[in-house]
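Peer 1: Chain by chain, the residues run as shown.
There are 2 protein chains.
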Amino acid sequence: MHAASTAVLISEVGPRDGLQSIKTIMPTANKKLWIDALYQAGIREIEVASFVPAKMLPQMADAAEIVRHAKTLEGLTVLALVPNLKGAEAAIQAGVDKITIPVSASAAHSLANVRKTREEMIEEVKRIVEYRNSQAPLVKIEVGISTAFGCTLQGLVPEDEVIWIAEQVIAAGVDEAGLSDTTGYANPSQVKRLFSLLRGAIGEKAGAAHLHNTRGLGLANCLAAYEEGVTSFDSSMGGLGGCPYAPGASGNVVTEDLVFMFEAMGVNTGIQLENLFKAREPLRLGLPDEVIYGMVPEAGLPKGFVVDHKEGM
Amino acid sequence: MHAASTAVLISEVGPRDGLQSIKTIMPTANKKLWIDALYQAGIREIEVASFVPAKMLPQMADAAEIVRHAKTLEGLTVLALVPNLKGAEAAIQAGVDKITIPVSASAAHSLANVRKTREEMIEEVKRIVEYRNSQAPLVKIEVGISTAFGCTLQGLVPEDEVIWIAEQVIAAGVDEAGLSDTTGYANPSQVKRLFSLLRGAIGEKAGAAHLHNTRGLGLANCLAAYEEGVTSFDSSMGGLGGCPYAPGASGNVVTEDLVFMFEAMGVNTGIQLENLFKAREPLRLGLPDEVIYGMVPEAGLPKGFVVDHKEGM
Numbered sequence: 001m002h003a004a005s006t007a008v009l010i011s012e013v014g015p016r017d018g019l020q021s022i023k024t025i026m027p028t029a030n031k032k033l034w035i036d037a038l039y040q041a042g043i044r045e046i047e048v049a050s051f052v053p054a055k056m057l058p059q060m061a062d063a064a065e066i067v068r069h070a071k072t073l074e075g076l077t078v079l080a081l082v083p084n085l086k087g088a089e090a091a092i093q094a095g096v097d098k099i100t101i102p103v104s105a106s107a108a109h110s111l112a113n114v115r116k117t118r119e120e121m122i123e124e125v126k127r128i129v130e131y132r133n134s135q136a137p138l139v140k141i142e143v144g145i146s147t148a149f150g151c152t153l154q155g156l157v158p159e160d161e162v163i164w165i166a167e168q169v170i171a172a173g174v175d176e177a178g179l180s181d182t183t184g185y186a187n188p189s190q191v192k193r194l195f196s197l198l199r200g201a202i203g204e205k206a207g208a209a210h211l212h213n214t215r216g217l218g219l220a221n222c223l224a225a226y227e228e229g230v231t232s233f234d235s236s237m238g239g240l241g242g243c244p245y246a247p248g249a250s251g252n253v254v255t256e257d258l259v260f261m262f263e264a265m266g267v268n269t270g271i272q273l274e275n276l277f278k279a280r281e282p283l284r285l286g287l288p289d290e291v292i293y294g295m296v297p298e299a300g301l302p303k304g305f306v307v308d309h310k311e312g313m
Numbered sequence: 001m002h003a004a005s006t007a008v009l010i011s012e013v014g015p016r017d018g019l020q021s022i023k024t025i026m027p028t029a030n031k032k033l034w035i036d037a038l039y040q041a042g043i044r045e046i047e048v049a050s051f052v053p054a055k056m057l058p059q060m061a062d063a064a065e066i067v068r069h070a071k072t073l074e075g076l077t078v079l080a081l082v083p084n085l086k087g088a089e090a091a092i093q094a095g096v097d098k099i100t101i102p103v104s105a106s107a108a109h110s111l112a113n114v115r116k117t118r119e120e121m122i123e124e125v126k127r128i129v130e131y132r133n134s135q136a137p138l139v140k141i142e143v144g145i146s147t148a149f150g151c152t153l154q155g156l157v158p159e160d161e162v163i164w165i166a167e168q169v170i171a172a173g174v175d176e177a178g179l180s181d182t183t184g185y186a187n188p189s190q191v192k193r194l195f196s197l198l199r200g201a202i203g204e205k206a207g208a209a210h211l212h213n214t215r216g217l218g219l220a221n222c223l224a225a226y227e228e229g230v231t232s233f234d235s236s237m238g239g240l241g242g243c244p245y246a247p248g249a250s251g252n253v254v255t256e257d258l259v260f261m262f263e264a265m266g267v268n269t270g271i272q273l274e275n276l277f278k279a280r281e282p283l284r285l286g287l288p289d290e291v292i293y294g295m296v297p298e299a300g301l302p303k304g305f306v307v308d309h310k311e312g313m
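Residue numbers (my numbering), protein chains in the order written: chain U, 1 to 313; chain R, 1 to 313.
Worth flagging that the hints you see were computed from the coordinates, not collected in a lab. In this text the structure is predicted, and so the values were computed from the model without any measurement. Each hint can be trusted.
Because identical chains share one entry, a pair is satisfied inside a single copy or across any pair of copies.
As a list, the in silico PhoX-like pairs of lysine-lysine whose alpha-carbon atoms are at most 25 Å apart:
1. Lys116 to Lys303
2. Lys55 to Lys23
3. Lys303 to Lys192
4. Lys98 to Lys126
5. Lys116 to Lys55
6. Lys116 to Lys126
7. Lys205 to Lys126
If we strip away everything but chain U, and leave its shape as in the complex, we get:
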């Protein structure tokens, strides 16, 4: 293999998680340019769209077209979020490589978010797996367990309920289950403990860490997850998806800062930082009125910064 293997996978969620969280609708042509630029920077997994009714999320009305475009980029894992079987059918028909299904760990959040109990949502996951198995067995399915670290509605989310959901969805046939700090409540000790429990329960099917920066702990929590053996991380370019430095923010971890942290540590992401910063330009052009965050792009790389890509690691 010519290219160095990557030590961690950065899964860019901006085109889905970011764009669906803001009112402005990014034109389809700009979305494509942005996804192309992310790919050029070395990103190899992008959550490009959400398959939900266009009436509900007009920002995602072009989901199928975006998937078809992203599929032209060789080696890119094209990921889409689906909340139900209908969405999964549409995503698979559009040609995605992977779908991600959110399942709330919080009983209160599940009802508020998808109007389903957690048990009903697990049944929906089973139906999606059956559809996938019969129609598109090569498509991967991940479940992102949301509110895994606490809930703005019910507060504490018992850890055994989080793990129970992970076990249920793996038993249902999904390929991996990750943990999402939807509310920005997580702390590093909790992140380590819960990912350790998750790995204990579902082994190598333990999936990505989707961590937020709402309370400033985003990168510290990513570091904790990495130290616990997590190698797949969701993040959003420019922190898109609500201001990551303000109250009430969805506060996704900023891709640029996360990649910088890993690369500075000598942990290969496969992503070129300078090219990643260039990918902010099509994002800005597509959303001229949004604030695009990122502390490393603003402060600049350290003088003499050298990324030491270790071959074959």
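Got chain U sorted already, so can you dock chain R onto it with the hints?
Peer 2: This is chain R only, laid out in the frame that chain U set:
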């Protein structure tokens, strides 16, 4: 002992590091109110002033008065920065408990910052220790090794030079030597490696971690230092000392966010978060035109957040 022992010491540097970095001069009365509020929240070490010529830093013209006021707060370690013997004499005469001396690890930064070579600065440290030994043997002396993780002037700072300075100043008789990421260049791996080397070289005299958030890695770096055994951390309320989220910022780690991280992890700081947030009010009143940062104060504590103070740990 009635109160739980603290697991980490948070040393608040805002009244010195913060206030001397901004143009506005906080009135003496406001400084006192702010220091009182920090103390009320449970902070037990505050860097209250810098002893430098008032012509150079008019923000610090009231240093002696501030020290005398802070000394009325029982159990508070009153710390002041001094760049030279003259400052040390003034600080000790004012009644400080502890002085901190910055020594640059970067040869280029040392010349630019204090117009002394590193060797000359080590000689100055020796003179300060001799003065302390003869005049005020109970006063503690720490050296903060600045630009320990890299330098905006020369880039890389060799790690053996950082450790050499630590060994020299400990040999000169100072009580502890800590590491400062003056430029916001540090990453978690480097923080662990350098604090490990420091402890290997000077043992229990390894001092505080003074880490910046210039590139968003402040808390991740604090976590790394904590995991390496560091138990003393410098931080600044509201990130005072240059916007911590902007280019060119001095970017001190925000005290409120740092204390939240540790308390959420169950690591006792001895600080009450709600009271700490209240201490932002006198800061705001004293500096009405400054932006006071802090992601946890803005986002609020997680619903149901309980700090589990472990007695006697």
